[in-house]
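> Need the complex rebuilt from these two chains, each delivered in its own frame; the hints are there to steer you.
From first to last, the protein sequence lines stand for chains A and B.
The numbering of the first sequence is this note's numbering, which starts it at 1 and goes up by one.
The numbering of the second sequence is this note's numbering, which starts it at 1 and goes up by one.
Check before you lean on any hint, since a few could be wrong.
Claimed, not checked - Dumping the calculated DSSO-like pairs for lysine-lysine here, alpha-carbon to alpha-carbon at most 27 Å:
| hint | chain 1 | residue 1 | chain 2 | residue 2 |
| --- | --- | --- | --- | --- |
| 1 | A | K160 | B | K86 |
| 2 | A | K148 | B | K172 |
| 3 | B | K86 | A | K148 |
| 4 | A | K160 | B | K85 |
| 5 | A | K16 | A | K48 |
Said to hold, decoys possible - A few chain B residues that don't get close to chain A, going by computed Cβ distances all over 12 Å:
| hint | residue |
| --- | --- |
| 6 | I6 |
| 7 | S22 |
| 8 | K25 |
| 9 | A26 |
| 10 | R31 |
| 11 | S34 |
| 12 | I47 |
| 13 | E65 |
| 14 | A145 |
| 15 | Q180 |
Stated by the list, open to error - Only part of the chain B face toward chain A is listed, based on derived beta-carbon distances under 10 Å:
| hint | residue |
| --- | --- |
| 16 | S70 |
| 17 | S84 |
| 18 | F117 |
| 19 | Y120 |
| 20 | V122 |
Think of the hints as simulated: they come from the structure by calculation, not from any bench.
Values in this document were obtained by computation on a predicted structure and should not be read as measured data.
In this text, a Cβ means the ideal position worked out from N, Cα and C, and glycines have one as well.
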Amino acid sequence: MGKISNEELLNSIKAKFESEVSNVTEPFGLLTLETSRDNIIDLLTFLKTDEKLQFIYLTDITAIHYPESDKQIGVIYHIHSLVNNVRVRIKVFLADGDVHLPTATGLWNGANWMERETYDFFGVVFDGHPDLRRILNVDDLTVFPMRKEYPLEDPNRVDKHDFFFGR
Amino acid sequence: MSEIQIVEAPPGIEGSGFFATSLDKAVGLARSYSLWPLPFATSCCGIEFMATMGSHYDLARFGAERLSFSPRQADLLMVMGTISKKMGPVLRQVYLQMAEPRWVMAVGACASSGGIFDTYSVLQGIDEVIPVDVYVPGCPPRPEAIIDGFIQIQKLVQTESLRRRSTPEYQKLLASYGIQ
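This is chain B alone, in the form it adopts within the complex (with noise of 0.2 Å):
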């Protein structure tokens, strides 16, 4: 017999011959196993990526085989490395150019904090331009934290609501980066 598992199916409600549930279920587990990533790599964190996407680790598994290298087909935003105030433009840029729904996830201590670089020159963490949804800890993080991270990211794409991004709290959230 083969081995092969598949994702299990969202609860509802089965019966013989039919199986009912939310349209924001199916389409989150759709989503959570094809999400395009954008890698955002800018230094040694960057490095640790490669490895994960290699064979070793292979985060293909977990649906991201495919790298969207332009913002306006991605899903996710994995931004690694050190973001100096220069490039904080940039960042927010290729953040605006994702189509909605978009998550961001910042890999390793620069991305999220500044890191060792607590200085006049460097971002102190992308969340002082764009939202993040998942901050992964770590200088760099192992390629098992940047894919722990990713299923932290799998996990919020199959709860979200699919009105979440119409809702209130959110365009409030947008509107404290300035981000229409």
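Same shape as in the complex, but just chain A (with noise of 0.2 Å):
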């Protein structure tokens, strides 16, 4: 059990972000919460260099892409109070054509290899960050891989049409 719970840390953050964060949720006893681009900085600061919450450590960034919501690319921050040993799980969604987002590099250096890999495969693109170009997949892919409108498989795949397989 961490040492405060996410009780006390809930109130923490909306005594300072009390209209700014939304969708407060629990599950499995990780507390969630949905936040905009404007103060998704401002609040991973607040988080970092609260001297009672200390959430020092960036576990990841990563993405997810939802086809049918007005807002379909949402960025997910999880963040980690090591003093605390308490965790919270921070989301942003952006409207497609529209993906842009602060960078978090000013606050972890090592949310920089995390913010080209969540550009990489979903093309969140990450303002003021110093080198935002591909990182796992090959340089002159075209596409971003883990959205929902490109193909998973390889596209130059020929022995898998129908007439192979008698249909």
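Here's what the structure looks like:
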């Protein structure tokens, strides 16, 4: 168990960001909340630098794609307070065609590669990132493969036509 | 009496005190029993290859005792495992560094066709980037299958004409992969 409860944590967040956070849930005991593009860096800065909370460890940055939603692309931050042994998950949803977000590299150097990966797979552009280019996929890939509009299969494969299966 | 078996002589003309055969066959015989493989092992097929090299199956019995970890000394490139698209140029570079004559064996479903990894990040068979001589099916293939593939390579080596590598067909094959 963490040294501070989710309730305490939420209260400290709400004291400063009352109107900026929404959709607070606790699946499997993990405090999850949503915020907006304008507030994400302020919120992360607060959580990292607050003397009591000390969320000094950025576990991961990733994204998710919901093609049916208005705001299709969600960017997800997992941060961890090693001092208090508690984690929190923060989501920011962005409309397709305007997938920009300020970078978190100013707060954590480790955000550099995580943001490159998120860009590589979901096409999220992190403004202010020092070196935003693909990290895992081949450089000449033209798509963002984890987005739902792009096929998972390799388009060069020729042995899967129905003809070969008598269809 | 010892039961040591030695390789049979290639077909030729024999008489009292002489034996004549063609240079192709003599060279092919010598080459086929002294192939130096370069293991390019990226996943589980590489584990099967370790078993193949171990004492139980012992690929050394076929003259492949000496693995070469420099492509410049190797005769046979054995690609074992999934090759991602990012690895493709590396594999090609290794192939380019090998001296002629060189042979390539694709071991396992992934190296031959991409296998179960029909996805944007995986090369759908190494024959997209380099020419392949022998494909070994299996996921992963048993050591016996790898040895069988190796024997197929030996047969290719034994029957290959000395001038094959300068033939227009071979040049055309390499050109189709963009290799000089």
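> With a cut-off of 10 Å on the beta carbons, see whether B/Y120 makes it to chain A.
This hint holds: B/Y120 lies near chain A, its Cβ roughly 5 Å from the closest one there, short of 10 Å.
> Report holds if the minimum CB distance from B/K25 to chain A is greater than 12 Å, and violated otherwise.
Non-interface label on B/K25 holds, nearest chain A Cβ at 38 Å vs cutoff 12 Å.
> Please verify that hint: B/S84, Cβ, nearest Cβ of chain A, below 10 Å or not.
9 Å, holds
> Checking the smallest CB distance to chain A, is B/R31 really beyond 12 Å?
Holds, since 34 Å exceeds 12 Å.
> Run the C-beta distances from B/A145 to all of chain A and say if the shortest one exceeds 12 Å.
About 21 Å separates B/A145 from the closest Cβ of chain A, which puts it past 12 Å; holds.
> Are the Cα atoms of A/K160 and B/K86 separated by 27 Å or less?
Status holds; Cα separation ~23 Å.
> Assess, step by step, whether the Cα of B/K86 is no farther than 27 Å from the Cα of A/K148, and give holds or violated.
22 Å, holds
> Does the alpha-carbon distance linking A/K160 and B/K85 stay inside the 27 Å limit?
20 Å, holds
> Taking the shortest Cβ-to-Cβ distance between B/S22 and chain A, state whether it exceeds 12 Å.
40 Å, holds
> Closest CB-CB distance from B/S34 to chain A, is it above 12 Å?
36 Å, holds
> Should the hint that B/S70 touches chain A count as held when the rule is a Cβ pair under 10 Å?
Hint violated; B/S70 Cβ to chain A Cβ min 26 Å, cut 10 Å.
> Taking 12 Å as the cut and beta carbons as the points, is B/I6 off the interface with chain A?
Given that every Cβ of chain A is farther than 12 Å from that of B/I6, nearest at about 44 Å, it holds.
Violation of the numbered hints given earlier is confined to hints 2, 16; the remaining hints are satisfied by the structure.
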